[in-house]
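Under our numbering, residue 191 is the last one in the sequence shown; the count climbs by one each step, no gaps.
Check before you lean on any hint, since a few could be wrong.
Under the rule of at most 27 Å between Cα atoms (straight-line distance), these lysine-lysine pairs were calculated in the DSSO-like manner [what the hints assert, rightly or not]:
no. : residue 1 : residue 2
1   : LYS140    : LYS85
2   : LYS98     : LYS85
3   : LYS98     : LYS140
Derived by calculation from the structure, the hints in this document are not laboratory data.
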Amino acid sequence: MIRLHDFLRDERGTATIEFVLVVPVITLIFFASFESSFFMIRHVMLERSVDMVVRDIRLGNYSTLTHRQLKEEICKNGVLFGPLSECQKSMRIWMQPINTATFAMVAPPQSCVDRSQNIDPEFTPGVDQFKYGTDNEIMLMRICVMEDPMFPTSVVAAGLTFNQTSGDYALVTTSVFVNEPG
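With the sequences and hints as input, model every part of the structure.
This is the structure we're talking about:
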């Protein structure tokens, strides 16, 4: 009984117990805030890049722009997307005109690129996925880029995970613009 009493009154190691209980929580909060901040920075940079390219499209700075060139321009303006080839492989662009008589729009697909599969760099989407409008036509564009989380094991990264098998999350932005008469 005296030994148990002495053991319970012993105060050695109390700082270690506090450390073991508090540090993982603080570390998790740090990683979660860092991951969410980086996610927001990437998303803002994607939106900025898309806005710059859409502005050039509206102003007629591109006479003929293919699907691949559109990806290149968006990736070239995006600072945090890594190498140009990787950015293009992880991006999907959907663009369709909006019918101004009924304002009926085709819903953009909710899927993004699956980076675990081989991607053909010369891929050209069909007319139902990517179509340039004519003069004075309202266009709806949806861009989806798959990115790797900085800390995949953090709570925020787990919440952002879009593709459960590869651990990627999606950055999605939408833009509406009018084709200027030409």
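Tested hints:
{"no.": "1", "hint": "LYS140 - LYS85", "in the structure": "22 Å, holds"}
{"no.": "2", "hint": "LYS98 - LYS85", "in the structure": "13 Å, holds"}
{"no.": "3", "hint": "LYS98 - LYS140", "in the structure": "20 Å, holds"}
Comparing the model with each numbered hint stated earlier shows that all of them hold.
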